[in-house]
Amino acid sequence: MSTITGGCHCGAIRYEVEGDVIVHALCHCRDCRLHAGAPIVGWTMYPESALKVTKGEPKIYNSSEHGRRHFCGHCGTGLFYINADMLPGVIDIQSATYDDPEAVPATMHIQVAERLRWMEHAHELPTFERYPPQP
2 MSTITGGCHC
12 GAIRYEVEGD
22 VIVHALCHCR
32 DCRLHAGAPI
42 VGWTMYPESA
52 LKVTKGEPKI
62 YNSSEHGRRH
72 FCGHCGTGLF
82 YINADMLPGV
92 IDIQSATYDD
102 PEAVPATMHI
112 QVAERLRWME
122 HAHELPTFER
132 YPPQP
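When the letters of the sequence shown are read in order and numbered with my numbering, they come out as residues 2 to 136.
Incorrect hints may have been included.
Simulated restraints on C-beta separations [what the hints assert, rightly or not]:
1) His124 x Pro89: 30 to 38 Å
2) Pro89 x Glu19: 27 to 35 Å
3) Thr128 x Pro89: 39 to 47 Å
4) Asn63 x Pro136: 25 to 33 Å
5) Glu49 x Pro127: 36 to 44 Å
6) Gly38 x Arg118: 30 to 38 Å
No wet-lab data here; the hints were simulated from the structure.
Remember, predicted model here, so these are calculated numbers, not experimental data.
Cβ atoms here follow ideal geometry from the backbone N, Cα and C, with glycine treated the same way.
Hey, can you work out the whole structure from these sequences and the hints?
Structure, rendered in structure tokens:
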């Protein structure tokens with residue numbers, strides 16, 4: 002059993018999660034993309050009881066009929082997702098908010114029916130250690 006810590010960008014919200022991850026999925030759904038402003042969002046799934054917010058209190062946004070997105074009201078960092086209708090007793094944690102985001106490797110892609118077409122080949126794009134060369 003492991004303990005993972007994390008928090009938002011500004012530090013107003015801190016959390017810890019204890020236990021074994023159920024799954025770490027990279028989500029391609031439009032709802033996650035719009036909320037995060039990113040083409041893909043990593044989520045680790047745990048029993049709700051595994052999560053303890055140790056500092057601050059996240060704001061909650063009702064992103065759909067049953068979906069509840071928790072985020073920092075100061076800096077806007079997305080943190081948690083709960084959908085008690087679809088996944089009772091489960092909480093998703095945005096894995097990029099871990100203090101060590103490499104602690105739990107991703108195991109799958111989900112919602113690929115909504116994936117941006119160009120994301121299918123994103124791994125083929127040129128890479129740079131920092132910024133691309135300037136003209």
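Tested hints:
1. Look at His124 against Pro89: about 35 Å separates their beta carbons, and that is inside 30 to 38 Å.
2. Our hint of 27 to 35 Å for Pro89 and Glu19 is violated, since their Cβ atoms are close to 20 Å apart.
3. Separation of Thr128 from Pro89 is about 41 Å and conforms to the stated range, judged on CB atoms against 39 to 47 Å.
4. Separation of Asn63 from Pro136 is about 46 Å and departs from the stated range, judged on CB atoms against 25 to 33 Å.
5. Separated by about 42 Å at the C-beta atoms, Glu49 and Pro127 satisfy the suggested range of 36 to 44 Å.
6. A hinted range of 30 to 38 Å is violated for the C-beta pair Gly38 and Arg118, which are about 19 Å apart.
When the structure is compared with the earlier hints, violations turn up for hints 2, 4, 6 and for no others.
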